[in-house]
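Here's the letter readout for the chains.
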Amino acid sequence: MERNFSHLDTLENQSIFIIREAYCQFRKVALLWSIGKDSTCLLWLTRKAFFGAIPFPVVHIDTTYKFKEIYEFRDRYAREWGLNLIVAKNEEAIAKGIGPASSKFTCCTELKTIALKQAIARYGFRALYLAIRRDEHGIRAKERVFSPRDEDFEWDYKNQPMEMWDQYKTKAADEEHLRIHPILGWREIDVWEYIQRENIPIVSLYLAKNKKRFRSIGCETCCKPVDSEADTIDKIVDELRTSKVSERSGRAQDKESDYMMQKLRALGYM
Amino acid sequence: MSRQQLKFVIVGHVDHGKSTLIGRLLYDTNSLLDGKMAEIQKISSGLGRETEFAYLLDHLEEERQQGITIDTTQVFFKTDKRQYVIIDAPGHVEFVKNMITGASQADAAVLIVDVVDGVKEQTKRHSYMLSMLGLRQVIVVINKMDLTDYSAARFDSVRQDVQQWLNSINIEPITYIPIAAVKGDNIAIKAEHMPWYLGPTFLESLDSLKVTPPSEAKPVLLPIQDVYKVGDKRINAGRVETGFIEKNSLIKILPSGQITTVKSIEKFLKDTDKAVAGECIGFTTSDSVFLERGDIICTAGKEPTLTDTIRANIFWMSKQDFAKNQKLTIRCATQETSCRIENIHKRVDSSTLDVIEQDGDILKNLEVGQVTIKTKKPLAVKDFNDVQELGRFVLVKDCNICAGGIVTNGCYGNE
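Going down the list, the sequences are from chains Y and L.
For the first sequence, our numbering gives the first residue as 949, with consecutive numbering after it.
For the second sequence, our numbering gives the first residue as -18, with consecutive numbering after it.
Treat the hints as calculated values from the structure; they're not laboratory data.
Any given hint might turn out to be false.
[What the hints assert, rightly or not] With the Cβ distance kept under 8 Å, some of the chain Y side facing chain L (calculated, not the full set):
id, residue
1, F974
2, K996
3, F1004
4, P1005
5, M1112
6, K1117
7, T1190
8, V1193
9, S1194
As the structure is a computational prediction, the values presented were derived from the model and not from experiment.
Backbone N, C-alpha and C fix where the C-beta goes; we use that ideal spot for every residue, glycine too.
All chains should be modelled from the sequences, with the hints used to inform the complete structure.
Dropping the structure here:
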């Protein structure tokens, strides 16, 4: 008998299970919301997990170089969904003028990783929800659902904890915090099909204007649009069913050297 | 409507060709993104090697330099029939815990054996782990046929060795396929060099595997994950593991034994009166019973066993030996309590099945133990062969999972 339970239902339920597990264990948690499609999808799942009342803050790491559409979207839905929004910036680095004109590695590390470290120290978060996915990058494919970071924020990718049967790691004293990855097993197309099914609002940059659209968004300075005529969610889903172009092909930090992503992540990058 | 994805893990001894097989599969099913092969060629030549399919998965710098897989990874591909997730598992004895992490998430498994090298230590250990994890759908591929001149005799001889071992651990594979992953023989396309082989290609064989959904036909089991206060409601949250639950149904709560009625099924933005196996839901009760994490919702008369003494097979996966009577934490579904292993009836070598010791005092890394566990609080459990969700558990020491186990209450056989 074929169950009336789709692939998206399976993914949704698995994610909600993970979101609830982590909150139950850590309580002092936060969700990192980049305002992109993945973390907005994660935010939607989190609202479902807690019946609309998310019991912890949602953090936006603001490099100040984001698209204006991102800021508008953030403020609108933070209000509509009643989020406890924290905007975190590395003010010191911004004051010193660190930005995309510095090396990409320095800029990402200072304005994202360090800004995140400061936010964790300030609010005392024990675990963070992140919307990374295995199919985005070969390094992320190696991640665990509950992934520890040590006091220097390092990811010990050579010695990752066991996970089995929906049983995850608990936090040890010498670990700074855990990264929780509820949508690790989703593919890009799953995210879009879910957005389509659930009618989740997304930043307009994803939709094609003048035959260009963004497949992945971040800082305005480091994202390039791809050629596309997909100006609706339905068309994006259709486009992705046949596309063979990498999702992050427009993202600069994946390009500088073969292992830049590994090095950024080892230092605490998302 | 998208069909269910099938997840399979590829296991086997180191260098028997797991990553190469996956690379080949992605290549032959046209699943690689544009520029990916060029990138792999560039990295391969940078390291002074020929184009290495394995680099499609071995992404860590150390993995590529040393030519080994360190950690499990997952990649996606699709055939005309459905979507797949391939779980690659490292073949080194060092990384068995990563292999188990990968395999515990799979619906099916592929065991790869090098036709020249034959059955090796990890061939045996990995397949034994599959059997312990309850993975029943197994495809065996005999790789590197090109190195034996596609010899049918050599294939048969290795096949017999594999079969003999798998028989001893109660695995009955779906099929044995001779392949040459490097050349693509019998992967997506039938090999011209092996006219003697009349069976399916690897891809055809994959398409014959089944996804087993959680069982709705069994009595309801719903472990409580957490309790939320939303507005003036006290919502009990959890996942229906088996069966279904609906408004007005009579439920029993373990361990307290209280009986109550479901007042409402709660889902955000959705009105519903029923939830089935696999669904994460909330519910409220008509009496003001106070549920907490670890409580198990079930049907009166069809309860799981509530016990503080569990017979189990465990596999120890920590470099630190386990010494009898050491205190551990046991987690089974959302239940958690401290425990001690009272008896280690047998210590078994997981790569030979040899009994190392009867009534032992320790368990070493990678050993399997037939044990009796004494828990501080009673747990609701089922025999693993009956309900996996309450028949499997992990043992935790110093915040890390150090063993996995399956409940064998009542099915020990001849001791």
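Outcome of the hint check:
Residue-level restraint check for F974 (chain Y) is violated (minimum Cβ-Cβ distance to chain L is 12 Å; threshold 8 Å). The interface hint given for K996 (chain Y) is met, as the beta carbon of that residue sits about 4 Å from the closest beta carbon of chain L, less than 8 Å. Taking 8 Å as the C-beta cut-off, the interface hint given for F1004 (chain Y) is violated, the closest approach to chain L being about 12 Å. The closest approach between the C-beta of P1005 (chain Y) and any C-beta of chain L is roughly 17 Å, which is over the 8 Å cut-off, so the hint fails.
About 4 Å separates the beta-carbon of M1112 (chain Y) from the nearest beta-carbon of chain L, less than 8 Å, and the hint is met. Against a cut-off of 8 Å between C-beta atoms, the interface hint on K1117 (chain Y) holds, since the closest Cβ of chain L lies about 6 Å away. With 8 Å as the threshold, the beta carbon of T1190 (chain Y) stays out of range of chain L, its nearest partner Cβ sitting at about 11 Å, so the hint is violated. Given hint, V1193 (chain Y) at the interface with chain L, holds; its Cβ is 6 Å from that chain's nearest Cβ, closer than 8 Å.
Checking S1194 (chain Y) against chain L: minimum C-beta separation of about 5 Å stays under 8 Å; hint holds.
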